[in-house]
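J.: Following the hints, complete the assembly by docking chain Z onto the known chain Y.
Top line first, the protein sequences correspond to chains Y and Z.
Heads up, the first sequence is in the numbering used here, so the first residue is 237 and it goes up one at a time.
Heads up, the second sequence is in the numbering used here, so the first residue is 237 and it goes up one at a time.
Treat each hint with caution, since some may be false.
Same chains, same label: a pair holds when it works inside one copy or across any pair of copies.
[Stated by the list, open to error] In silico SDA-like cross-links for lysine to any residue, where the CA-CA straight-line distance does not exceed 25 Å:
id	residue 1	residue 2
1	348	412
2	291	354
3	495	357
4	291	544
5	495	249
6	489	357
7	495	277
8	291	246
9	489	356
10	495	479
11	489	379
12	348	256
13	489	416
14	495	276
15	291	260
16	495	280
None of these hints come from the bench; they were simulated from the model.
All values reported here derive from a predicted model rather than from experimental measurement.
Protein chains: 2
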Amino acid sequence: MSVVFDLGAWSSARLSQVEQALDTWVTADAPLGLDHGAPAQLVEAMRYAVLDGGKRLRPLLVLAAHEAVSTAGANSAAAAMRAACAVELIHAYSLVHDDMPCMDNDVLRRGKPTVHVQFGEASALLAGDALQALAFELLTPMDGSVAPATQAHLCALLARSAGSAGMAGGQAIDLASVGHQLTERQLREMHQLKTGALLQGSVVMGAQCGEPTAQALAALQAYGGAIGLAFQVVDDILDVTADSTTLGKTAGKDAENDKPTYVSLMGLQASQAYAQELLAHAVAALDASGLTPAQTQALRALADMVVNRAS
Amino acid sequence: MSVVFDLGAWSSARLSQVEQALDTWVTADAPLGLDHGAPAQLVEAMRYAVLDGGKRLRPLLVLAAHEAVSTAGANSAAAAMRAACAVELIHAYSLVHDDMPCMDNDVLRRGKPTVHVQFGEASALLAGDALQALAFELLTPMDGSVAPATQAHLCALLARSAGSAGMAGGQAIDLASVGHQLTERQLREMHQLKTGALLQGSVVMGAQCGEPTAQALAALQAYGGAIGLAFQVVDDILDVTADSTTLGKTAGKDAENDKPTYVSLMGLQASQAYAQELLAHAVAALDASGLTPAQTQALRALADMVVNRAS
Numbered sequence: 237m238s239v240v241f242d243l244g245a246w247s248s249a250r251l252s253q254v255e256q257a258l259d260t261w262v263t264a265d266a267p268l269g270l271d272h273g274a275p276a277q278l279v280e281a282m283r284y285a286v287l288d289g290g291k292r293l294r295p296l297l298v299l300a301a302h303e304a305v306s307t308a309g310a311n312s313a314a315a316a317m318r319a320a321c322a323v324e325l326i327h328a329y330s331l332v333h334d335d336m337p338c339m340d341n342d343v344l345r346r347g348k349p350t351v352h353v354q355f356g357e358a359s360a361l362l363a364g365d366a367l368q369a370l371a372f373e374l375l376t377p378m379d380g381s382v383a384p385a386t387q388a389h390l391c392a393l394l395a396r397s398a399g400s401a402g403m404a405g406g407q408a409i410d411l412a413s414v415g416h417q418l419t420e421r422q423l424r425e426m427h428q429l430k431t432g433a434l435l436q437g438s439v440v441m442g443a444q445c446g447e448p449t450a451q452a453l454a455a456l457q458a459y460g461g462a463i464g465l466a467f468q469v470v471d472d473i474l475d476v477t478a479d480s481t482t483l484g485k486t487a488g489k490d491a492e493n494d495k496p497t498y499v500s501l502m503g504l505q506a507s508q509a510y511a512q513e514l515l516a517h518a519v520a521a522l523d524a525s526g527l528t529p530a531q532t533q534a535l536r537a538l539a540d541m542v543v544n545r546a547s
Numbered sequence: 237m238s239v240v241f242d243l244g245a246w247s248s249a250r251l252s253q254v255e256q257a258l259d260t261w262v263t264a265d266a267p268l269g270l271d272h273g274a275p276a277q278l279v280e281a282m283r284y285a286v287l288d289g290g291k292r293l294r295p296l297l298v299l300a301a302h303e304a305v306s307t308a309g310a311n312s313a314a315a316a317m318r319a320a321c322a323v324e325l326i327h328a329y330s331l332v333h334d335d336m337p338c339m340d341n342d343v344l345r346r347g348k349p350t351v352h353v354q355f356g357e358a359s360a361l362l363a364g365d366a367l368q369a370l371a372f373e374l375l376t377p378m379d380g381s382v383a384p385a386t387q388a389h390l391c392a393l394l395a396r397s398a399g400s401a402g403m404a405g406g407q408a409i410d411l412a413s414v415g416h417q418l419t420e421r422q423l424r425e426m427h428q429l430k431t432g433a434l435l436q437g438s439v440v441m442g443a444q445c446g447e448p449t450a451q452a453l454a455a456l457q458a459y460g461g462a463i464g465l466a467f468q469v470v471d472d473i474l475d476v477t478a479d480s481t482t483l484g485k486t487a488g489k490d491a492e493n494d495k496p497t498y499v500s501l502m503g504l505q506a507s508q509a510y511a512q513e514l515l516a517h518a519v520a521a522l523d524a525s526g527l528t529p530a531q532t533q534a535l536r537a538l539a540d541m542v543v544n545r546a547s
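Just chain Y, with the same shape it has in the complex (with noise of 0.2 Å):
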């Protein structure tokens, strides 16, 4: 007799832990070591950045990961949990930059006023170049509670999701295709960096956290890459189909700004299609994973909310 998962329940246990790891570590103390401080406005700009906004998919699989392939009595929870919050901190900046005017120019983010609007433009710049470093601060502990080696692969997984060949290199090929016809291969490679890269990385780092077998770290790669996709094509279809209350951001923009979508390559029926195809690529990794229902199934849950979400 198999119980149905609880992801709410799931969900908001490790929720309230993540944004209380978020607000003790986005702050203007100097916990890490250093002599100085950060500047009081500096802080407030990130801190209005990161806290109390978002669905924080990044950090739920990041945990979801790690607890499917974490070895009882292992302590690797302090990691995971940095891990979690360091991809929320990339995720959160990437918003800021992505937001400014020279970018999408966007002034409503989560309900609230962007972070340049609030801030102001150069406020808003440094905020989120100060949170992509502080990142890297929360996977580097110097208290010893992650071991140097998880912290060094930690970082080299970060900054791969995050750079030129990862997130930034996704902006910057959707910045270039403002405008122009791609092919769905162009459309694919394009979202597999600038969303995909991120979302897949939080998948692996969570399992880096922890002790996965080969065979399941290649099949959460592979979970987090059809995830990671599966996510975009969502996302463009709620563009088109949900309004700018229920998304907590501007609904249509993709059409005004004449951005190419999944919707306008594929058309809704056919896009909404290929996200459940997607989906059962996720379900489908799982299951060849080699790890129990039951250590994937906060994974398989999340795979279903990325795909058959509202907002």
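T.: Chain Z only, in chain Y's frame:
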């Protein structure tokens, strides 16, 4: 009989290695184990920002500090070269973002149009973001060339030097202080973060690639702190005394922008005396390092160059 140290010869041998390493590492290839390379247009902006320009003071400090404490036969040169390039990438990204219209709005840098003038603001923003991530990629090679504990330590030092309690924090204070009167202590604190943290971080990162004694490490930290501050004092002096052609950037910007500087606070003569005093502090730290004069000769010559430079 002591032989005079030839800083020019010492520097040019190392600078050609640094230039070659940067040329190799800032590329559109995917040499780091990823499926995708970076998009060409982003990499072009990154290369424009990094290659063929600047004094490369930070890489030279990394290499000089490493040589001061490295053990004969130790296999730490690869780590030091990666650290040297990583600090230069952080410096380069900070210049790209600092020159943008919402910050200093400067059009000339190292005698060339600034990145946003050449490539547009959005590309400049993304190129800076990607350069920061690339710095951490360089510190975390997956080929076994650098010990994981060294990778972790270097990432920890770089993140803290670059972030909200380091360079980005100093820039935020700088931004908030335009048009305000600062005390000498406030001005010093601003510069210790804005410029000093990364210069001092360069020295400490270089040292940590080798095997410093506790005495040597403390001395090198003090040395780095003194020349980090001296660098900014001299920068303020040169903004008044040098012309744009010599500087390779627009002279007289500080007064024009009503920025607090050492010259505006202390006057020109007192600023020049203070720079010499900081040089004496840096040399005294090296004298107390337990290292031989031969081991510290490059660091001594670099300190002299920082304080007595003409541009």
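J.: Hint by hint, say whether it matches the structure.
T.: Verification of the supplied hints:
no., hint, in the structure
1, 348 with 412, "between (28 Å within a copy, 24 Å between copies)"
2, 291 with 354, "within (21 Å within a copy, 37 Å between copies)"
3, 495 with 357, "both (24 Å within a copy, 19 Å between copies)"
4, 291 with 544, "within (14 Å within a copy, 54 Å between copies)"
5, 495 with 249, "neither (38 Å within a copy, 48 Å between copies)"
6, 489 with 357, "both (21 Å within a copy, 20 Å between copies)"
7, 495 with 277, "between (35 Å within a copy, 18 Å between copies)"
8, 291 with 246, "within (14 Å within a copy, 53 Å between copies)"
9, 489 with 356, "both (22 Å within a copy, 22 Å between copies)"
10, 495 with 479, "within (18 Å within a copy, 46 Å between copies)"
11, 489 with 379, "neither (45 Å within a copy, 43 Å between copies)"
12, 348 with 256, "within (21 Å within a copy, 46 Å between copies)"
13, 489 with 416, "within (16 Å within a copy, 40 Å between copies)"
14, 495 with 276, "between (38 Å within a copy, 20 Å between copies)"
15, 291 with 260, "within (19 Å within a copy, 39 Å between copies)"
16, 495 with 280, "between (33 Å within a copy, 23 Å between copies)"
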